[in-house]
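Colleague: From first to last, the protein sequence lines are chains A and B.
Heads up: the first sequence begins at 1 in full-length UniProt numbering, then just goes up one per residue.
Heads up: the second sequence begins at 1 in full-length UniProt numbering, then just goes up one per residue.
Treat the hints loosely; a few may be bogus.
The list makes no distinction among identical chains, and a pair is therefore deemed to hold if it is satisfied within one copy or across any two copies.
In silico EDC-like pairs for lysine to aspartate or glutamate, Cα to Cα no more than 20 Å straight-line [unchecked claim]: (1) 83 x 298; (2) 324 x 121; (3) 368 x 305; (4) 344 x 305; (5) 10 x 182; (6) 324 x 73; (7) 368 x 111; (8) 294 x 77; (9) 83 x 307; (10) 108 x 73.
For the record, the hints were derived by calculation from the structure and aren't laboratory data.
Predicted, not measured: the structure shown is a model, and the values here were computed from it.
2 protein chains.
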Amino acid sequence: MSAVRYELIKTCKQSGARLGRLHTPHGVIETPIFMPVGTQATVKSMTPEELKEIGSQIILSNTYHLYMRPGHDLVKEAGGLHKFMNWDKPILTDSGGFQVFSLGPLRKITEEGVNFRSHIDGSKHFISPEKAMEIQNALGSDIMMAFDECAPYPADRDYVKKSLERTTRWLHRCKEAHKNTENQALFGIIQGGMYKDLREQSAKEILELDLPGYAVGGLSVGEPKDLMYEVLDYTVPLMPENKPRYLMGVGSPDDLLEGVIRGIDMFDCVLPTRIARNGTAMTSEGKVVVRNAKYARDFSPLDPECDCYCCKNYTRGYIRHLVKANEILASRLITTHNLHFLLKLMEQVREAIREDRLLDFKDEFFKKYGYEL
Amino acid sequence: MSAVRYELIKTCKQSGARLGRLHTPHGVIETPIFMPVGTQATVKSMTPEELKEIGSQIILSNTYHLYMRPGHDLVKEAGGLHKFMNWDKPILTDSGGFQVFSLGPLRKITEEGVNFRSHIDGSKHFISPEKAMEIQNALGSDIMMAFDECAPYPADRDYVKKSLERTTRWLHRCKEAHKNTENQALFGIIQGGMYKDLREQSAKEILELDLPGYAVGGLSVGEPKDLMYEVLDYTVPLMPENKPRYLMGVGSPDDLLEGVIRGIDMFDCVLPTRIARNGTAMTSEGKVVVRNAKYARDFSPLDPECDCYCCKNYTRGYIRHLVKANEILASRLITTHNLHFLLKLMEQVREAIREDRLLDFKDEFFKKYGYEL
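So here's chain A without its partners, still in its complex pose (with noise of 0.2 Å):
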């Protein structure tokens, strides 16, 4: 039996969207889901109970920074990435290929798998779907996600489909290093770039490994909104019914809410904490830079339809004097709101489905919020 299983609870009528739950060793998630991004084994500036608090379910962390800083080892030591950084819920690790790809001339791709220069002292290192796995077991993450390449974008067709194919061979070498499927599920991802064929090919190759959940990869680089709602168009459908379908790096509200409608159910990014220290709010109107020195004396609350520890608690002028000071409060704050924001979405998007509604709370939401293009 799989580590993790998908559960379908229904099918918005109006839209298409999925409600479901995620049983996983570490409890059930309610789907659609939007997971905050802890990369160094923290949520930057937040601790696991503010995190339980704005309703985090899973969280997302990154198995290249880990395996550079502290190191695998030590984490397997110290009890498993869970007992490390104190937080008992379920997390997902990727596989580090995204990082060591983005890496750029410090890496070098090979068939065995990637030979490339630590972003932190520039010492030599080299991960291959073996490899990641077996960083991804000292972890001892709920999920874990085959090491495969994101090709960029633009992207010939013949590097795409000579990549998606090598993806594919490392998924079947990733299955075969896994060392604990009691525990621990393996998400094969779906490549294929912008090309229709080629995530239909990509896909039929993925699925055959029948592994408990798949990921739509290469999506959300650089490439525009409308082609990537397109390729959701046709790839999605190629998903099966009975596991959870996970769109890698999305997280603004309009990219959650068209992922939702053409059927994922789980998301991740750090659009949120990060646009958060550089001072700028998600909010029920729409992005405000709270930097900006029109907001100097502005004592409202960051957003005023929100009841998060910060909206009810801090004003505007107060929030925009703590990021001018540089202090660590203002990331907190901003911080904070942002995940509340995003996971309250994901739960008014949940509650919509149920009732069959999804897609004129999307109307309504967009109404005010604006969408960002």
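Position chain B against the provided structure of chain A, taking the given hints into account.
Modeller: Relative to chain A, chain B alone:
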């Protein structure tokens, strides 16, 4: 009637230390007490709720910094400093004098006040005793400090004498300019450097104003610890029994204990919060530089005898990882612990005074902690 009133509960029969209560417009403070420093209207990395949870009864904020940014008029418009920063317990503000004098070549002292340039944008400013009162009246702190000159160490006798006499003249102007005696108490500051007769002269002049509280200034400015204790030995007995006594800028455990034993009631220092952000903890066994490599695989708490949030939930190995990875949570956890450590120490000190055994407590404490010299 004064905004602040000191109530002496008892004197320790073993040490002479005082146990008391300070009644303020924002509540009662048990003394002796350590005051965490919230320079820019925030105790770095902490929320007000967290400060209360670890036992903070009062915080200090810096007039110079708030005058520069966001401006005292803005804070007043926000409803005062308490409301601006969401802290409903007492606040003490310094006068800005210490920060302005620390600007070195950027400032010029005259009888009228101090001309200086901003450390932020180089703009020209002038703070006089009247201006320092205007700023603190706008901030609305419970305790306002007089605008004084903290003479450097070493300083020759002539300079210190001239300086303390100007501080006395400035204190008269402060008292005259203070507009809100009903809700804010002005404390005078005894100067006189390391000269016994000058401390006597300053005390005599300052006490004549019959203020609700007094501070010992000009200590912890680089002089040997023994010299500081010696100055306290002859200065504190000059101060009235029925008023609170505040030793400015002191916060190492040994200085706190030696100060309390000499009759001091209030302390403040950036030490616990500053060293926290550099990865150093104060523990029952002395300082732990958790940044050091030897703690990488140490999965015990920062302080095995501590019951704070940090020590109950995280290991030295995890905290070291956060420090090395420049994660905000590192500052949060160590700051929480360090402040809890000092606030708990003061609680133990109050208990020991109540039971007439403060000298015994001091010996026990330092047997494990060791003196910092």
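Colleague: Check each numbered hint against the structure and report the violated ones by number, ascending.
Modeller: Structure breaks hints 5, 7 and 10.
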